[in-house]
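Those protein sequences? They're chains E and B, same order as listed. Residue numbering for the first sequence follows the working numbering, starting at 13 and increasing by one per position. Residue numbering for the second sequence follows the working numbering, starting at 7 and increasing by one per position.
None of these hints come from the bench; they were simulated from the model. Hints should not be assumed to be uniformly reliable.
[To be verified] Footprint (simulated), chain E over chain B, 3 or more residues, beta carbon under 8 angstroms:
# : region
1 : 43-55
2 : 89-101
3 : 269-283
[Unchecked claim] Simulated crosslink set (SDA-like; lysine to any residue; CA at most 20 angstroms straight-line):
#  : chain 1 : residue 1 : chain 2 : residue 2
4  : E       : K138      : B       : I292
5  : B       : K226      : B       : R296
6  : B       : K226      : B       : A256
7  : E       : K138      : B       : G103
8  : E       : K138      : B       : L202
9  : E       : K138      : B       : L164
10 : B       : K140      : E       : M118
11 : E       : K138      : B       : K139
12 : E       : K138      : B       : V118
13 : E       : K138      : B       : I48
14 : B       : K140      : E       : F49
15 : B       : K140      : E       : E326
16 : E       : K138      : B       : T99
17 : E       : K86       : B       : V163
18 : B       : K140      : B       : W150
19 : E       : K138      : B       : H50
20 : B       : K226      : B       : F143
21 : B       : K139      : E       : F46
22 : B       : K139      : E       : K86
23 : E       : K138      : B       : A47
24 : B       : K140      : E       : V322
25 : B       : K140      : E       : K138
26 : E       : K138      : B       : I54
27 : B       : K140      : E       : K86
28 : E       : K86       : B       : L164
29 : B       : K140      : E       : L50
30 : B       : K140      : E       : V56
31 : B       : K139      : E       : A227
32 : E       : K138      : B       : V163
33 : B       : K226      : B       : L46
34 : B       : K226      : B       : H194
35 : B       : K139      : E       : G72
36 : E       : K86       : E       : L67
37 : B       : K139      : E       : Y64
38 : B       : K226      : B       : K139
39 : B       : K226      : E       : L67
40 : B       : K140      : E       : L53
Beta carbons are placed, not taken as given, at the ideal position from N, Cα and C, and that holds for glycine.
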Amino acid sequence: MFVPVAMGAGTREATAPGAPHVLARRRRVRWSSFTPFLYLLPAVALLVVWVYAPLVQTFGLSFVDWNLIPTSPKTFVGFDNYATVLTLPELQQAVGNTVLYILAFMLFSLVLPVVIALLSRGIQGKAKTFYQALIFVPFLITPVATSAVWRWLFDENGGAIPRIAATLGWDLGNVFRDPALVMGAVIVIVGWQLLGFGVLVVSAGLAGISPDYGAAASLDGASARQIVWRITLPLLSPSLVFLALMTILLSAQWTYPIIDILTQGGPGGASTNIYYLLYQFGFRNFDAGLSAAAGVLFFLAFGLVAMLFVEISERLSFHDN
Amino acid sequence: MAFVALPAPLGAAPAGPGARPASRSRASDAPVASRTLPRLAIGHALLIVLAVFSIFPVYWMFVTAFRAPEDALSQNPFVWPLDFENIAYVWNTIPIGTMIANTFGMSLVLAVAQLFVAVLAAYAFAMWEFRGKKILFLLFIGSWLVPFQVTMIPNYVLVSQLGLLNTIAGVVVPNLCSAFAVLLMRQHMQSFPRDLIDASHMDGRSSWGTLWTVVLPNLKPALAALGIMLFISAWNEYLWPTLILQQSDALIQVGIRSFLGQEGNNWGAVMAASGLACIPIFLIYIVLQRYVVDAFIRSGLK
């Protein structure tokens with residue numbers, strides 16, 4: 013593909029596979045050599061201005077001390093912010109919580125959906141559409157409404173959940189002020205939003221697997237369990253990797269509104285996560301440098317995890333092609 | 007890594023869900039035991055439990071909203087007659103009509119703008135070969151890995167320099183390009199029949215004319231699905247509106263949050279406000295359910 017480049021722009025256009033203007037008059041051919049860039053310009057400019065330039069700026073901010081006030085000076089402090097942030101107990105707590113959240117959400121976005129989708133795969137047609145329509149609803153609810161309704165459900169004076177718990181002899185109290193229960197409550201709320209989405213993605217994956225494989229294995233004497241573990245789950249792996257990657261990359265985002273509205277990270281940081289911490293550093297403590305340093309570290313960590321997953325999903329992608 | 011459509015979950019949207027899987031499953035799907043009666047009973051039981059778990063909080067929100075205020079703590083799962091006092095109270099206390107209209111307008115503008123920007127960029131990626139294509143494409147994929155919280159301080163500073171703090175424009179402008187929409191549109195355009203484009207070209211249409219008269223009219227279902235999804239995402243956006251609109255209750259997310267803070271345990275009113283905030287999305291979902299689910303599920307990442 014490098015050879016035609018040496019032959020000049022016009023020829024390159026003419027030989028490039030799939031170029032639509034192959035048959036164009038000469039004027040058009042020349043025009044088309046920068047046409048795609050015109051089409052790309054708005055999107056790329058927006059990305060550069062609102063994603064990549066800020067990313068570079070964040071990197072720069074991570075080396076200064078600045079309180080977000082435009083008139084106040086930015087003092088260069090070298091790696092001080094990194095040194096501070098790495099020793100902060102709040103950060104360790106937030107990172108630990110984030111990992112716990114991710115593991116817990118895996119149950120709702122991956123494990124339970126696989127179990128539910130496999131056990132209910134015999135249900136088809138109108139019944140399936142009806143169930144799917146209902147279980148997808150939590151995914152569409154506005155975060156403030158989700159938070160409000162769950163605060164009401166968990167309310168210690170008259171909420172439905174503490175009342176049910178009380179009939180079972182368990183005094184829940186105020187879950188959002190209880191360090192032992194607050195994470196569990198947040199997990200239930202976000203898990204509630206994820207579960208239906210997970211079931212639908214896994215069901216979609218199952219529907220895409222040709223039944224011939226299972227039928228053939230069954231003829232060869234494979235048991236139901238063997239078919240699930242050896243055929244269905246491996247063929248489902250693209251959907252599963254997708255859900256796992258979504259959970260890892262986005263669970264901190266999904267949790268953020270719930271934490272912000274219901275717990276503010278408390279009590280004593282028991283329910284905080286890394287993004288809420290970034291918000292607090294930046295917009296509560298007005299310590300832009302600290303927030304930026306932590307942000308850079310999280311960005312690198314998530315980048316590594318994502319690359320790992322891409323690697324895994326590429327290894328898995330030979331199935332069923 | 008690339009965004010790809012996962013296998014259609016509910017059948018192709020227009021064909022009607024269920025029709026194809028149903029006929030197929032009778033024939034040969036899941037040969038082992040999954041069609042037997044106990045299996046089906048287990049499946050139905052599981053899905054009923056899941057559906058109740060999914061719907062109950064939403065149902066409870068509306069039940070509480072429609073109770074008379076003095077019955078707010080009632081645990082009766084049914085409410086009749088419906089009492090509109092809570093809704094009237096919300097309507098008279100906060101400008102919720104304006105908030106909903108603002109949020110609707112904001113989401114609509116954002117969805118249309120994101121679609122427009124994405125269509126142009128996807129068109130370039132799908133129809134041309136050019137130098138730097140790979141790098142530019144990586145720019146879009148890579149942006150997916152930059153969490154918004156990492157870039158929020160510089161973005162906030164830029165929005166404030168532009169004088170857009172506490173304005174809806176400040177919420178919209180930084181989100182005009184959705185990399186996700188670009189990647190999804192690119193996929194749709196790549197599978198567009200090339201013959202049609204060549205024919206349009208031989209008719210003397212410019213690439214711009216081809217886009218609007220040939221490509222886009224044929225991508226209407228995909229555009230509609232993506233547009234709905236972008237609209238719902240914009241409606242449900244939380245972090246950025248709450249940062250930008252700190253001294254304004256113009257959008258529903260911010261407005262309801264302050265209402266929550268003021269009304270505390272006035273559950274009837276709080277549930278009424280939350281329910282009102284959900285109604286536009288529910289209406290879209292009721293009318294276009296298949297498209298909505300399809301759009302969210304098929305836009306997978308493989």
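Of the numbered hints stated earlier in the document, which are not met by this structure?
The structure conflicts with hints 2, 6, 7, 8, 9, 10, 11, 12, 16, 20, 22, 25, 27, 31, 32, 33, 35, 38, 39, although it agrees with all the remaining ones.
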